[in-house]
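These are the residues of each chain, in order.
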Amino acid sequence: MLEVKDLSVEVGGRVLLKNVNLEVEKGYTTVLFGPNGAGKSALLMTLMGFSGYNVVKGQILFNGEDITHLPVNERAERGIGIMTQRPPNMTGVKLRDLVGVIAKDNTDIEKRAEYLDMVRFMDRDINVGFSGGEIKRSELLQLSAQKPCLYLLDEPESGVDLMSIEEVGATINDLLLGESKCVGERHERGNSSLIITHTGQIMDFIEADKGYILCNGTVMCSGNPRDLLKEIKTSGYEECVTCKRKRI
Amino acid sequence: MQEKKNLKLNAKTALNKTAAYGEDFDLDKFNVTSQEGEYTEDLNDLDEDTQRTLLNVGIVPSGEGRLGSILMMDNAISHSSISDANIELMSLHHALEKHEWLADYSWNLVSPDADKYTAASYLENADGYFIRAPKGIKTMLPVQTCLVIGSKDVSQTVHNIVIVEENARLDVVTGCTTSKGVERAMHLGISEMYVKKGATLNFTMIHNWAEQIGVRPRTVIHLEEGATFINNYICLKPVKSIQSYPTAYLEGKGAFVRFNTIAVAHPGSELDLGSRVVLNATDTRAELISRTITTGGKVIARGEMIGNAKNSKGHLECHGLVLSNEGSQRAIPVLEANVDDIELTHEAAVGRIAREQVEYLMARGLSEDEAVGMIVRGFLDVGIIGLPDELKEDIDRTIAQIGKKAL
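Protein sequence lines, in the order shown, are assigned to chains A and B.
For the first sequence, the working numbering assigns the number 1 to the initial residue and increments by one for each residue that follows.
For the second sequence, the working numbering assigns the number 1 to the initial residue and increments by one for each residue that follows.
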């Protein structure tokens, strides 16, 4: 579904990503680990096509099509959806209006708004005065309306209080299951995702299939996400950095 | 009598007095038309073009959803009707004949010698509208007033008085515009508004001029204890120059004022728009909200709050979008506190639409122009209610054009 080939990205004259190779298969939930400043968010922003993230080398393929230089909205039209860490304050733009435009004939959206406790935010300016958790819930409501087939989620659990982590986790799980009626169908009929997590907490709510570790702008390692998380929790990322250096 | 004579003398000496702000216009280059003109019994009888012109400034020719209508064409009142017997709506000259006491309200808040525009209006004995909501009367529908410049190269002079008596409530929609084909003219408008104890006045003004029109309104509002005045001002179409600085005096405890301004300066337009509040009584509150866009014209957004009484509060918000390199935005917020225990704040921001905001919406599948349109619409939405659908559609069309220019 998504193939990142030898991707190098420059932001403000600084190379943040170097020769990144990564793959997200259809219906698979892929987790991206890495220390602060590794370039995880930059990778997601680049995949969505936001300006300021200049691809200097490599390719992004989505369902076999080269989307490296496509505008943001054309990527969204092809089925890519994103939840960023710090979305901008959208003064004057009401959540209800945006969700209405995105949802088109998607009628389940009101139920989702109730579940996410966002009904009272529908007539507010998006992100203006929202808490960390409210931003995440608002983003999930928008994604529920958008219904992409590839979800790029940047630390969905960060800033979410204990009370609403359940709703956030369950909503993400539901969105990823997509059309599949049971877990067994997930790889054939479910949606794909690339999820950044710092703490691994989100993995309590979703079935993660594959993990990558990104350090210093480069993919260092990949494998079973739970094994990787265990390793990171015991030894931190320092081992990964040294390991790569040894390989080089 | 002596006093009136003095006013006249003062006005005469002010005939060449340049206004404090805005381009100076030579009024001798404009014709003065008669205060007598053709009368229209029913606004539905107006030709299709004129009806469309009225609708685009929020005036409904059928009168549906309106309590009453008054139409001024150049300097003559050409229609006046009211369906609610409780409300007085008529030409100011007629009202001055009817009510002797009204003379005390006339040229009481606005000085004839303030500048050459007030002086000319005074000396011409300008007519206009008079609206009065008597004590305790609360209207549900707005009264509509329409000022049209119907002839080329004229100077339209208008003098209006609005009185909302104790505990009454009145909504007014005023549309100011030009007939098709009138490109160059002047509009001078004096408005004196009185909102008495516990009363509410919602005043919405829509300006829709042509490219060579100069506009110089002079408005003062007087508020008593517990009174509320909400002013909405909308100007989204090209004009040569508007300079306006309405001032509200909050003289009674707990009075409240809000000025909402939304305006677009097209190439060749100069908009010098301000609002000023003087908080002269305790517990008074004021909110001044200005959202302006330039697509090539010049905007000066002024806002001034003067706090003279304890426990009064005011907030001023001046936001300006610059959508073209040719345009300019200048925000001039002024706060003055003359006592302690007072809270006056402001926020001002001018600049382009943030790329980040556009892409945020594009990431949800909106095209670039849909995204810009949504941001511009949101920017200009300050929650003005009661506008007719035709005007809303016209506003949407204007916003869509602005959005396209922004790309």
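You may find that some hints are simply not true.
The calculated lysine to any residue pairs, modelled on SDA-like cross-linking and capped at a C-alpha distance of 20 Å, are [unchecked claim]:
1) A:LYS94 <-> B:ASP381
2) A:LYS94 <-> B:LYS237
3) A:LYS104 <-> B:GLN35
4) A:LYS181 <-> A:PHE205
5) A:LYS94 <-> B:ALA354
6) B:LYS392 <-> A:ASP97
7) A:LYS104 <-> B:GLU368
Since the hints were made in silico from the structure, they are not lab data.
Verify the proposed pairing of LYS104 (chain A) with GLU368 (chain B), using a straight-line Cα cut of 20 Å.
Distance of about 18 Å is within 20 Å: holds.
Is the Cα-Cα distance between LYS94 (chain A) and LYS237 (chain B) 20 Å or less?
violated, 25 Å
Checking one constraint from the list: CA of LYS94 (chain A) to CA of ASP381 (chain B), max 20 Å. Satisfied?
holds, 10 Å
Regarding the pair LYS392 (chain B) and ASP97 (chain A), is the alpha-carbon distance no greater than 20 Å?
holds, 16 Å
Satisfaction of hint between GLN35 (chain B) and LYS104 (chain A), Cα-Cα up to 20 Å
Violated - the C-alpha atoms of GLN35 (chain B) and LYS104 (chain A) are around 55 Å apart, more than 20 Å.
LYS94 (chain A) paired with ALA354 (chain B) [C-alpha distance capped at 20 Å]:
Holds, because 17 Å separates the two Cα atoms, which is no more than 20 Å.
Does LYS181 (chain A) pair with PHE205 (chain A) here, judged by a C-alpha cut-off of 20 Å?
Cα-Cα ~17 Å, so holds.
In this structure, the hints that do not hold are numbers 2 and 3, in rising order.
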